[in-house]
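Using the hints, position chain Z against chain S.
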Amino acid sequence: MPLEFSTIASMRFGFGRSATTPVTANADQLMAELQTAAGEPPLFMPSIEAYRSQALDAAAEMADLQRAAKDDPTQRAAVRDYRRTLVRAGRKTLSQRLLQPVVSPNAFYERLVAFWFDHFSVSTAKNLMTAAMVPLFEAEAIRPNVAGDFVTLLTAAVTHPAMLFYLDQATSVGPDSLAVADGKGKRGINENLGREMIELHTLGAHSGYTQTDVRQAAMVLTGLTVDRKAMEAVYRPRLAQPGDFTVLDRDYGGKKRQMADTTNLLADLAADPRTRHHICLKLASHFVADDPPQSLVGDMEAAWEKSDGDLSEVYKVLLTHPDQLKAPLTKAKRPFEFVVSGLRALDVAASPLMAGMTDEDGAEAMGGNDMSMMAPQPTGKDDVKRRRRLRNLTVAAINRMGQPIWNPSSPAGFGDRAEEWINASQLTERIAWCRNAVQLFGGDRDPRAFVDAVLADAAGDNTRKVVSQAPSRPYGLTLVLASPEFNRR
Amino acid sequence: MNAIPFSLTRRGLLAGACCAAASPLLTKVTFAAAPGDNRFIAIVLRGAMDGLDLVQPYGDPLLKTLRPDLALSPDAGLIDLDGFFGLNPAAAGLADLWKAKELSFVHAVSTPYRDGRSHFDGQDILETGSEGVNGERTGWLNRTLSVIPGSGKANAIDVAASSELILSGANRAANWSSDADLSLNDDQIQFLKRLYRSDPAFSAAIEEATSADKYSDLLRGPDKGKGVAATARLAAGFLLKEFRIASFSINGWDTHFSQKAQFQKVAGDLADAITTIKATLGPQVWSKTVVVAMTEFGRTARQNGTGGTDHGTGGVAVMAGGAIPGGRVIGKWPGLDDASLFEQRDLMPTADVREVAAAALYSQFGVSASALGRDVFPGLQFSGSAPYI
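So the protein sequences, as listed, match chains S and Z.
Read in order, the letters of the first sequence are residues 126 to 614 in my numbering.
Read in order, the letters of the second sequence are residues 318 to 706 in my numbering.
Here chain S stands alone, though its shape is the one from the complex:
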């Protein structure tokens, strides 16, 4: 029997259900989220301006300390200490990032944000400067643009300073540029962004481009760099390679090099039919099935073509397609989705325990901009223990499961197929997570009611039966969260 739409909405297109999650009746409700959510600031960055100015101050402070340490080696400890302070601050932002979809009523929007961040992966692991820019990347380039035109999203992502740092564009310089000619620009071309923009962000791997296309695209991109004082992307003609370039049979550049060369190239890549196919297939594979119905992908592509790449039109097809509605829930939740849905299932967001923890720290309540309960100064022994366990359930859990937040292992993002996330060590981590989560947040729930609340009509007979026979209440709850149905979506 096909699943209720409310089940599909929460599990396939959201972060799962809880007893208190309102039911979504139809696709229009999900689409409406996209408009309201895009205008709201995320928990981890209530003010972009404030974040920017703090990050700039921190960068300046770090530069001062490093300069001092250069002259006087005894100052090195100060650099180390400050680095630690910055890493700690970054960790707090990570906790807030994790809680964002736990507390958000706009689950479909949050899933799309995660999808697109992954598609345009940047990583905090590169260096401190990139690390500071990654949250901005999500807030500025991804979140406002997930439901608009693809070309807008593409351009925002590829030209964002975080991307320019991450894929080495910030230091790429045309070998025959003015900067090199007058001896001031020692550095030369780096083709990292040129390659990934074609292979990963648009056309897709083995879609028919050549090394020459990659090289020429890198040449087109020269001039695009980062103004480190303002932390903004900037076009510097002195760094640009002069001349004409050909990428995929189209010409760019010319007598006077300009930023428009890059935006024109991005527009052409966005309009390429191979891009449309690559991205519709990836969306359908992410949301519906590792190998999604071809009819669904084809209809999404048609909607893309008809609307010139309006992503909202593509999502409408995704949400309402009859073959999607018939498809069983076979995708494996990735660690981030698993942990968020587990916390939602246990109503952790609404839990007085969670609110209590913030209060104890003297921090603002949930929804404020300082949710420091994840990395606070401990006050008592029990406190230390509880906080450690809480961290073990959130950011640390996701690290152990191999999907660290904002830190994908390559520009291609995290793997998305079931076989990658269902194996012995992964399952072992998840079972441990379920036991700990139930201990902390399980309360006196009845496992049978819990099945109904979080799995509804997605629960199979076997799971219902095994859960009902569990030797204890906590173990019954653990089995619900560890069940195949809860680990799939």
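Calculated directly from the structure, the hints in this document are not laboratory data.
Glycine is no exception: its CB is placed at the ideal position from the N, C-alpha and C atoms.
Treat the hints with caution; some may be incorrect.
[Claimed, not checked] Quick list of in silico lysine-lysine cross-link-like pairs, DSS-like style, CA-CA up to 27 angstroms:
{"no.": "1", "chain 1": "Z", "residue 1": "Lys416", "chain 2": "Z", "residue 2": "Lys582"}
{"no.": "2", "chain 1": "Z", "residue 1": "Lys416", "chain 2": "S", "residue 2": "Lys195"}
{"no.": "3", "chain 1": "S", "residue 1": "Lys309", "chain 2": "Z", "residue 2": "Lys577"}
{"no.": "4", "chain 1": "Z", "residue 1": "Lys416", "chain 2": "S", "residue 2": "Lys251"}
{"no.": "5", "chain 1": "S", "residue 1": "Lys309", "chain 2": "S", "residue 2": "Lys217"}
[To be verified] Take a look, some chain Z residues computed to stay more than 12 angstroms from chain S by CB distance:
{"no.": "6", "residue": "Asp354"}
{"no.": "7", "residue": "Gly449"}
{"no.": "8", "residue": "Gly585"}
{"no.": "9", "residue": "Thr597"}
{"no.": "10", "residue": "Pro695"}
[Stated by the list, open to error] Covered stretches of chain S, as calculated for chain Z (at least 3 residues, CB under 8 angstroms):
{"no.": "11", "stretch": "199–208"}
{"no.": "12", "stretch": "328–342"}
{"no.": "13", "stretch": "346–358"}
Same frame as chain S, but now just chain Z:
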């Protein structure tokens, strides 16, 4: 145990492989049983290891011209190997193995992959052992299990499901990480097994977890540790039990920018991994062991404008173990002048890196030359007289 319905479709494998291209994140160990006493470990160096940086042809004056910031010489710390090649001091941990003739390098090798230079496709081809991008869908090390003489498919291998392509396929291979710990009592495990019985993938995973957990509790000891050394210790530990074949990855070789520091870290990881394997296995088992480390492709012969190197073609394979005649830099050296480079840009591959692995499987497990060229590495001309072993 039943065979595991394992949907190995191309995109999934690509996604998995590509994921690991650039980062320092650790991978799990995958391992399998096989008859006999000999051991084999494959290490996948993800992100395209710069062979010209690890084993530098310092005897060629062009190296310094192409790589002003990366090229070293023996008076600048490079460890001389044979008067022409030298080992990057970041891998100094391997120097004793070289002296003991338990280490060789095979230079200017690559998979048959040319001109694409995508981590995605490069790792796919490296791990499937294919001729090109639309070749095999299972890992060559997994297919090897079918052709080792005396190994009936059914009884050779213990458990199943793995996420690294090289050992993925129809034959059983297990997969475990150095800090996984199930810690449940038997009754609880029985409930989980029942819970998973209607979902084959979960069912296989819990079977594998319970069996691997038993082993790793025995292996782990008080210091399970972290990092590459812990992974290598786990791999070697499983080989001390009934397993004979293991694989794991070392990530982080994608050095586009300021290569020096990043390369130092990963080359040190590689040295740690190999020396840890030797220490864990002990002299007797080490004498029956071959380790082969391979990467998806090499990097550009010239350093780029940002002190790094971009995606290239020819590179280096590393062989170690008590069972190899080591102390040699093997291979036909193509030279570094423009005309000798591949597309005037990359080190020219002069041999197929698959032959290095084939030679090890031939000598360690008696896999026939015909099976190697047909089932394991389709299209590979392997005569059994390879210079590597």
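Now the hints, each set against the structure:
1. Z/Lys416 with Z/Lys582: Distance ~23 angstroms between Z/Lys416 and Z/Lys582 Cα, so the pair holds.
2. Z/Lys416 with S/Lys195: Not OK: Z/Lys416 and S/Lys195 at ~40 angstroms, beyond 27 angstroms, violated.
3. S/Lys309 with Z/Lys577: OK: S/Lys309 and Z/Lys577 at ~23 angstroms, within 27 angstroms.
4. Z/Lys416 with S/Lys251: violated, 37 angstroms
5. S/Lys309 with S/Lys217: Answer violated: S/Lys309 to S/Lys217 is near 40 angstroms, above 27 angstroms.
6. Asp354: holds, 26 angstroms
7. Gly449: violated, 10 angstroms
8. Gly585: holds, 18 angstroms
9. Thr597: The assertion about Z/Thr597 holds, with a minimum of 20 angstroms to chain S.
10. Pro695: Consistent with the label, Z/Pro695 stays out of reach of chain S, its closest Cβ about 19 angstroms off (over 12 angstroms).
11. 199–208: Three-residue rule not met by the stretch 199–208 of chain S, so violated; n is 0.
12. 328–342: With 5 residues closer than 8 angstroms to chain Z, the stretch 328–342 of chain S meets the three-residue bar; holds.
13. 346–358: violated (count 0)
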